[in-house]
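One letter stands for each residue in the lines below.
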Amino acid sequence: MTWAAVCFHPVKVTHALILLYFGFLLVTLWWGPRFIQGPWLFLLRAFFPNWKFFHAVGHEPRLYIRWWPPHASGDGPRIADAPPAWQGLYPRCPRSAWGLVHNPWVNLALSQQNLVDHLAHDLNHLAPERDARALVTYKLVQALVRAHCSQNEGAPTGSVFEFQVRLERCNAIGVVESHTLLPSAKGVV
Amino acid sequence: MGQGLDGLTAVRMLECLLAWSMCIQTLEFLRIHRTGMVERVWYWPDQQADVPERPRWLKSALGFMFQPAIHQAHLFLRLPLLLHMAWQGSSLVHFVFLFISAVLVLIRWRGAFNGGSDFMTLVVLSGGLIAHVVGTLADPELGWQAGLWYISIHAISSYFMSGWVKLKHDHWRSGQALTIFLNGAVHGPLAADSWFHKPRWARFCAWSLMLWECAFPVALSGPVQAQAMCAVAVVFHFLVYWFFGLNRFFWAWVTCFPAVIHCADLKINL
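Quick note, the sequences are listed as chains A and B, same order.
Here this note's numbering is used: position 58 in the first sequence is 58, and no number is missing along the way.
Here this note's numbering is used: position 107 in the second sequence is 107, and no number is missing along the way.
Note that these hints are calculated values from the structure, not bench results.
From a predicted model like this one, the values you see are computed outputs, not experimental measurements.
Certain hints may be false.
Okay, derived cross-link-like pairs now, DSSO-like style, lysine-lysine, Cα gap no bigger than 27 Å in a straight line [as the list claims (entries may be wrong)]: (1) A:Lys139 to A:Lys186; (2) B:Lys59 to A:Lys52; (3) B:Lys198 to A:Lys52; (4) B:Lys168 to B:Lys198; (5) B:Lys59 to A:Lys139.
Construct the complete structure from the given sequences, taking the supplied hints into account.
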């Protein structure tokens, strides 16, 4: 057997590639998320799992919304009225045993919260000269709030809504600190 | 071999569990798509700004694939393929299709729909793909050995990493983190009289979880240890489902267990 045949034997190449991949994973863990940047790497981050679940307690992004119905006369929304109270939009769903094999609404609700987490992350890394409204995550969260207002709140067409992303810190009893990260522009249902 | 799983049984179990897990995911996706919520919120023309302009053909191809009817048709197509894999066993065609499909779904959901369960499903698909590619180029036994090891190392490191990062945080060591996360869970908040409000019970549960996760590599020391660790993991993932609603995590990790139990009974043959 030649040297090349020994070194490039499929067994060796397979093991070398797998070791190389895990070596790369270790490097990404060591240097943290800075190493994994760029749009493709963000979209394909599943190839670089860090397996950190529920690890740190800190400020959690929370979405708050409010909306105004339009005037009966059709003269636009009743913005001049006293503003309605902010309400939290946070996934809370009833539990079911069947959910172990079919749980679409809980998973959808969790992915909606995931979207809010991504918006908060983008806002924290937004350059001062950039407009938050141009962010993809902003547009998606705005669409989420619009869909929630019309579907779940029964807001009629022409209603005006706005949302806030707040960072909240909790202890074992409840929320102990909250500040607004982003007050949104007003949108129309 | 001791009381472990032989290669053939491990591969068949893995194929069946993967098919089951991905059927669950696919049916959930199809149900969610039917509501129109995906098109209203995750509207691709808005979302495609995340995708780099070059190569242009790729962006166009994604735009084509993510048309609602085509995307749903591709999801439908998964179902017969998964059933066929569970019934007849897998081939390179199964894994190439399912791998590309999983990547497409990830991109459609901005990199992840359900976080870790997507990642672990991709790990299993990558392992199967490695097995079939190496099997085609060299020999199938070597291919599955590489694939099962790939899956095992990821599964074991997932528990180890998860435990290790928790151990480094004060809130986890004091048990507070467990109560905070359970309060914020999708089925929460905890009842006022829940045991998890008791600091000593919360600390005990947190330490049990962290130590078990960190000890998971012990599974590789033998098939009995692997089976014991996997049995505890089933209970753990059920509790994660019960409190956090993460049903996909349950099936995604259970799919890896035949690989872990099989590899625990093998000598590494480098």
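Out of the numbered hints, which ones does the structure contradict?
2
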